[in-house]
Amino acid sequence: MRSDRGQRAPLGLKVAAACGLLFLHLPILLIFVYAFTTEEKSFVWPPPGLTTQWFAVTWNRPDVWEALSLSVRVAAISTAIALVLGTLCAAAVSQTRFFGREAISLLVILPIALPGIITGIALRSAFALADIPFSFWTIVLGHATFCVVVVYNNAVARFRRTSGSMIEASMDLGADGFQTFRHVVLPNIATALLAGGMLAFALSFDEVIVTTFTAGQQQTVPIWMLEELIRPRQRPVTNVVAMVVVLVTLLPILFAYYLTRDGDQIAGSGK
Amino acid sequence: MTIAVVQSNPTPAILPGSGGLRGALSDLFWRRPKFLLLLMLLPPVLWLGIVYIGSLFALLAQSFFSIDEFSGLINREFTLKTYGDLFQAANLDIILRTVTMAALVTLASAVIAFPIAYYAARYARGRWKALFYLGVMLPLWSSYLVKIYAWKLILAKEGILTWLLAKLNLLWLLEGWLSLPIVGGNSLSVSFTGTFIVFVYVWLPFMILPVQAALERVPGNLVEASSDLGASPGQTFRNVLFPLALPGIVAGSIFTFSLTLGDYIIPQIIGTSRLFIGQAVYSQQGTAGNIPLAAAFTVVPIVIMGFYLWGAKRMGAFDAL
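These protein sequence lines map, in sequence, to chains F and A.
First residue of the first sequence? That's 1 in this note's numbering, and the numbers climb one at a time after it.
First residue of the second sequence? That's 1001 in this note's numbering, and the numbers climb one at a time after it.
Derived by calculation from the structure, the hints in this document are not laboratory data.
The structure displayed is predicted, hence computed values, not measured ones.
There may be inaccurate statements among the hints.
What the hints assert, rightly or not - In silico EDC-like pairs for lysine to aspartate or glutamate, Cα to Cα no more than 16 Å straight-line:
id, chain 1, residue 1, chain 2, residue 2
1, A, K1081, A, D1068
2, F, K41, A, E1158
3, A, K1313, F, E102
4, F, K41, F, E228
5, A, K1081, A, E1069
6, A, K1129, A, E1216
7, A, K1157, F, E39
8, A, K1157, A, E1175
9, A, K1152, F, E228
10, A, K1152, F, E227
The shape of chain A in the complex, shown without the other chains (with noise of 0.2 Å):
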């Protein structure tokens, strides 16, 4: 049947150029891939250079304004008085409640994330294997305020959480954990307890997919050899499964830890009126009216999470990815 078609069409071997504009611009991007690269990248550069690099230089070079403390005005001469405030002893009260609340959520989400990222890697096959996927997927993409939300509503003094332990006798657990210095408080919902539940909540899937896409990665030969040769389950996850699943701890701490360090929604939401740098960011530039303070505060997440990058890319994590 293609023979037929063959002989039937007898058109030369070598069309003639379309010609027109359309035709001198295809060859010109034929001829010049170099000039087809550049119009190429040329609008996304643009876009992002000018509204996201240009933006982030704008809000640096006022880090090094002022603010006349009489007038409020802000004065725009180079000084690094400002920076010179982020160290009063309030100020770094708030960095290191941040840092403290960001490490801890980084570790709890690695303990979580590790069995679920376990089970998908390795057992889970077929149905099951894209049933985790989605277990995951859709509440890292289900609405960030209304996950907070969820969570009022459970953590509410009359909410679900207090029933459940009423039913189950457990209320003088509870009760014990808030009147805890620093980590209770009133209820649940205005406590740290409950900031650090919903941080975890929230960026729990972060941890989990560079997790698994790291331990997918480690032949399941490996652990078996590791048995064989006599090890327990214990040694053979501290010697063989953890060191290799790390990449991928640190690929998913990167996002648990910098989204914790700037988030300020959630801890307004639920939590005590105690500041977090995002919320220190929100009131200075919102009501204090305080622009060169709030940029030196994103300066700090900014170098936090430089070190954390840099730190991470040593340790290979950025494979992991």
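Chain F on its own, in the form it takes in the complex (with noise of 0.2 Å):
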């Protein structure tokens, strides 16, 4: 029993904490409210009205639902891609030694570990010296590369707590390399790659640095609130939109916690 159980923390400690942790989350409650204002020009508080018409307008607008479409499509590819490639670069990585294997999760890392605004444009300029186009999948490649991290990082952290002695006990009762896998490891990481797969999709959906690099002349969502951001058509469309996708991500974070809640606390450290 640690002797240190049960103790008050000081005031000011407490006050500090709090403090912090509403600065991280009143801004985010704030756009909650501002999708219901009446106001359509300017960012005025305290809100002059509420109303719930910019829903239907929202909703009625083709160009919200072209950009969610193309981000949904986009992400759960992206995440799909992710997940083979992180989950075998994890099982290789976590199961065996050998030469070269910090190189390779320093190239799992290196996506994210770099400013996005490089992998943005070093994609650009690579597709503009092969001569590919911008399309659907050229937006793919550079998500799923920044993907791979995060199912890599969740897998990773599942595998250590798997012992390897559950694999050989497998193979000693008479079970071949694929139904080890599909009984015994599958489930043993199934969680943590849901988790994993969970976290890239909203990685990808909320992604907008290296996509401006990569998309041409497509919308994403995070694109279509960038261009609204910078030249304001309908501000509370807007409103609207941020609000939806402030819960759209709330979702399968708190999902992904759930998953990984006990034992690997990995589940978003390392976004």
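Two chains, two separate frames, one set of hints: put the complex together.
In structure tokens, the structure reads:
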């Protein structure tokens, strides 16, 4: 039993921690209020009145739907690619020791460690050099590259907790490699993969820096928002979309947390 | 019950091989683990190697090209002229401005992050611990653009901050601050102060997590021993807690520093018309069409981060990640 259990925190620390958390959360809550404002032209506070009409207006905007559909398709396919690549890489790195193992983990982390603009402009200049026109797949190419690390982080953490003797036991009992994977390895890592996949989806859904370089004329939801931030057309619609985006990204995060909460608390660290 | 099952099931101890392609593959993987390893590594390494490292090298190669100032065409011959352009006063200004901003943002994030991380690591238990964890995780993962947008709402001249300060009769403070050179401006949303606040806000969770991880490893009895030996809370912080948390702070600063160096969206939406490195890269490759200079500009954060990571590794920051 640790002796420090049950101690009271000093008041100053409590206040500072609470203020820090408020600083992190109040701005996001403000978005929810602005989605209902009747004011069209400015960001005036307090809102002169409350209305739900902008939800209907947003619902009927085809450009919003197109952006949403593109974002969801890109995120789904990038996540699928990242799941395969990240799991393979995690399995190789955690189950065996080999020359260049550190280099592999560095390679996976690099797309996140270097500023996004470098990844973006590197991809763009490579597309230009190779004469690849911008398309749906150029976006996916970029997104999958930096989504691998999220799946990898979650899978590596779970592999570390899964003991290798279970695999040996399965083989001793007569299962072949595929059966062992299907009945022993997969059930063990499934929730970690699900969590990693959701985080990858959220990451891809929200990405804007790399996407501006690889999208050409197409608009994902973040690109649409960026466009509205620079050249506002209809502010209330932006408010509503912002609120919906917050809600849409909130759910996978909460679910990913729920899946990995006992033990490997790695889910979101190192976005 | 188990005995009955065993007795009624007289299968041989050694199963026959499953045969076929699947069996052959399975046997091959078992006999040659190296082959399986190679097969597992090949797809991710090929993908990252070709798509990512390949593009990175293509970019670096272009930084050694130059642009013909009259025709605007790219001259594909090796030259260091583009790197020379980086040292023009205007470009040096951009680099200096970005690095200063990154350093200030890192410092401020560390100061705000420490109490949150310390409380979460040492005092929060059970339900509260989960609450703190989610309290950091949710803002970290909420949409980056929405967070910036929220601050545009807050910092706007007619926005909530001005309203709040007016209610508190503190408007003179805001006006005084905005009339200062460099940090001031027409309103907070078009000043460096605004840029700074938003940077701190957006990257703060990246600082909290590693600091908390480092502090969780500090045994509580060290703090008690320090105060038993007569240290004041300030002395305990300076001589015990801070040195032990430092690797975590350095680890967090890798994120805050690197992310600030490369960002071009925050200063574009909330800030002055003076450029940061990211914006310079963006405008050079976009409107100016000067890919070589844009590529040379991206080398600046890579080099700075290289030194930074090297220093961080020496301080043991990677163990805190």
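Going through the hints against the structure:
For the proposed pair A:K1081 and A:D1068, the alpha carbon gap of about 11 Å is at most 16 Å, so the pair holds. For the suggested pair F:K41 and A:E1158, the alpha carbons sit about 11 Å apart, so the restraint of at most 16 Å is met. Straight-line distance between C-alpha atoms of A:K1313 and F:E102 comes to about 14 Å, which keeps the hinted pair within the 16 Å bound. Among the hinted pairs, F:K41 with F:E228 is consistent with the structure: their alpha-carbon atoms are about 13 Å apart, no more than 16 Å.
A hinted pair counts as satisfied when its Cα atoms are at most 16 Å apart, and A:K1081 with A:E1069 qualifies at roughly 12 Å. Taking the CA atoms of A:K1129 and A:E1216, the gap is about 12 Å. The hint holds against a cut of 16 Å. Using a Cα cut-off of 16 Å, the hinted pair A:K1157 and F:E39 holds, with the two alpha carbons roughly 15 Å apart. A threshold of 16 Å between alpha carbons decides the hint, and for A:K1157 with A:E1175 the separation of about 11 Å falls inside it, so the pair holds.
With a C-alpha separation of about 12 Å, the suggested pair A:K1152 and F:E228 falls inside the 16 Å cut-off, and the hint holds. A distance of roughly 14 Å separates the Cα atoms of A:K1152 and F:E227; the hinted pair therefore holds under the 16 Å criterion.
Of the numbered hints stated above, none is contradicted by the structure.
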